[in-house]
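Student: Can you join these two chains into the complex? Each is in its own frame, and there are hints to help.
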Amino acid sequence: MTTVPMTLPADWRDFLALTKPRVMTLVVFTGLCGMLAAPVTIHPVLGFTAVLCIALGAGAAGALNQWYEADLDAKMKRTRGRPLPAGRMDRQSALHFGVGLAIFSVLLMGLAVNIPAALILTVSILFYVLIYTVWLKRRTPQNIVIGGAAGAFPPLIGWAAATGQVALLPFLLFSLVFLWTPPHFWALALFVRSDYAAAGVPMLPVVAGERTTRVQIGLYTVPMAVVAILPWLLNLTGPLYGVIATALTVAFGVLALRVATRTTQPDDTMKPEKQLFAYSILYLFAMFGALVADRWIPYA
Amino acid sequence: MPEHDDRIRARQRARATAMALVLGGLVVLLFAITIVKIQAGMGT
Chain V
10 MTTVPMTLPA DWRDFLALTK PRVMTLVVFT GLCGMLAAPV TIHPVLGFTA
60 VLCIALGAGA AGALNQWYEA DLDAKMKRTR GRPLPAGRMD RQSALHFGVG
110 LAIFSVLLMG LAVNIPAALI LTVSILFYVL IYTVWLKRRT PQNIVIGGAA
160 GAFPPLIGWA AATGQVALLP FLLFSLVFLW TPPHFWALAL FVRSDYAAAG
210 VPMLPVVAGE RTTRVQIGLY TVPMAVVAIL PWLLNLTGPL YGVIATALTV
260 AFGVLALRVA TRTTQPDDTM KPEKQLFAYS ILYLFAMFGA LVADRWIPYA
Chain F
2 MPEHDDRIRA RQRARATAMA LVLGGLVVLL FAITIVKIQA GMGT
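Chains as they are written, first to last, in this note's numbering: chain V, 10 to 309; chain F, 2 to 45.
Chain F on its own, in the form it takes in the complex (with noise of 0.2 angstroms):
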């Protein structure tokens, strides 16, 4: 079933594009969470 199993690797290749947007904009997230935090620390 080579179709089925080219719609389940492109389907499995779209959740992972989606988890790497997540994953990637948690970083700049906390990141930027961090930041304040520390500028916030420091009575900036």
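So here's chain V without its partners, still in its complex pose (with noise of 0.2 angstroms):
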């Protein structure tokens, strides 16, 4: 008689990791506030289940994120820890629940919240997947500028649950989120540029170096700004917005050129990169903090 060794099942702990939860609380956040920017107020029910749906699809494309790229997650030290290069999950649960998160969150949306709403859902995972995962990732140094598009999507998901549509007050916050990936995200290559090296993924720092990438932080940040502001100089938000939305970016903007025309020394603590990596993501807080509360604070 043979004994079967049984493996231990993934805990429901790893499930969760799969979703990238940190990553989702920047899509949840810019998916609510495009909501909560919209000119119609939506039931909370109805808000809510949206916004979990947003979580739930966000979560979904992280899932099939980490089970297409197991072997590439295996070689980096920031991720060698997930579930599946660790051995903790196999590779079919991780597909079945990516799969199947998916195909719920846009049921739900669609059944729920209206169907607007659950194609640009629709979409926006498969970009994520299909886009950025499966095609450009591993080709192009350009990867993270077209997959960026994926996670600048939860404002126009939001905006659409609120109003069955979209106008151009989100196509700017999709294109706010759409432009500033780059500069994010190379300031977060350029220190941690060794670990995507030993993976053999193409960013911008290990093909076209690490001066290109530093102009091209600059040169993203320019049209960054104009769209940031874009919604007050138009007149779709209030002076509060506008004047809030201005001082962020200027900051940016003297971080981002810090950056940009600094080289890299013996020893280097790159420490404008890792404060620009850090103040990016407060900025996106922030603006769409600043939105909301000009949205729903009444001017005098």
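A couple of the hints might just be wrong.
If you anchor each label on the Cβ, the simulated ranges turn out as follows [unchecked claim]:
#, chain 1, residue 1, chain 2, residue 2, range
1, F, G26, V, L228, 53 to 59 angstroms
2, F, Q40, V, L291, 36 to 42 angstroms
3, F, D7, V, K283, 41 to 47 angstroms
4, F, L31, V, D99, 28 to 34 angstroms
5, F, A19, V, A83, 34 to 40 angstroms
In silico negatives: residues of chain F with every beta carbon more than 10 angstroms from chain V [what the hints assert, rightly or not]:
#, residue
6, P3
7, L24
8, G25
9, G42
10, M43
To be clear, the hints were calculated from the coordinates, so they are not data collected in a lab.
For glycine and all other residues, C-beta sits at the position ideal for the given N, C-alpha and C.
Tutor: Encoded structure:
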């Protein structure tokens, strides 16, 4: 009689980790803000459902990303502790979980909220999984430029959930996240460069070099700054957003300029790059927070 | 391997509990959505 070794089933925390909860925070926040910035209000139950669907959709995309990139994650210090490369879960479970979650999130959005929001959610999941993960990430140093669009969908989805359509303001919010992504990720790529190089991911610093990356950070910051202030200039928001957005964007520009114009020294701590990366996260939270505050705080 | 079996059972129990909580939450959510939709349909 032979004994079959029983492997330990994956822990529920590993399934949670597949959804990339930290990335989801920003996705949920921008989606919620897109919804709250809309000119019509949505019933709180349906609003909660829409945000839940955005979170589940993002979680599904994250799970499918980890399913596809298990080999790559195993090569990077930052990601080798994830459930799949660490061997705590089999790939099939991750695939089933990701596909199931994606279908469920889209169906729930379509049935409970509205069809346009469900359609944009579908596009965002497919965009992240197929365009970014499968197609671009391993092929081009422009991977995160186009792939960043996937992370830009939540404000559009939130707005569509509330109104049933899209308009210029949510499109500008989409553009803001889209143009914010390159400086944000390339600042990170500058100080975790060796990690990406070891995994063979063609991130810009690995392929085009540090100088080009720094210049690109500076170049992408310009249209990002314009798009950040455009909602106010076009009278789509009030002065509260205008003042806060201008101040936050000027600070972003200063940090980006510092990164764009310097060169890495021997034993460099990469402090400006780390500062830009940290500030960029705070920046996006604050910008969307300002947008909601502007919509809800009554002016005298 | 009784220790290994215990660990498997403990993990299965934890997964079953997590799934029960998720399904319970889903039942509450779907009930709430249904009520909202019915109210909207009645024009209230």
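Student: Each hint should be assessed against the structure and marked as holding or not.
Tutor: Consistency of the hints with the structure:
Checked against the given bound of 53 to 59 angstroms, the beta carbons of G26 (chain F) and L228 (chain V), roughly 46 angstroms apart, lie outside it. Checked against the hint of 36 to 42 angstroms, the C-beta distance between Q40 (chain F) and L291 (chain V) comes to roughly 40 angstroms, which is consistent with it. Under the hint 41 to 47 angstroms, the C-beta atoms of D7 (chain F) and K283 (chain V), about 45 angstroms apart, fit the expected range. At about 31 angstroms, the CB distance of L31 (chain F) to D99 (chain V) agrees with the hint of 28 to 34 angstroms.
Taking the beta carbon of each, A19 (chain F) and A83 (chain V) are about 26 angstroms apart, not inside 34 to 40 angstroms as hinted. Against chain V, the non-interface label of P3 (chain F) holds: every CB pair exceeds 10 angstroms, the least being about 12 angstroms. Under the 10 angstroms C-beta cut-off, the non-interface status given to L24 (chain F) relative to chain V holds; the minimum distance is some 12 angstroms. For G25 (chain F), the requirement that its beta carbon stay farther than 10 angstroms from each beta carbon of chain V is met, with the minimum near 15 angstroms.
Every beta carbon of chain V lies more than 10 angstroms from that of G42 (chain F), the smallest distance being close to 13 angstroms; the non-interface claim holds. Separation of M43 (chain F) from chain V is adequate, the least Cβ-Cβ distance of about 14 angstroms exceeding the 10 angstroms criterion.
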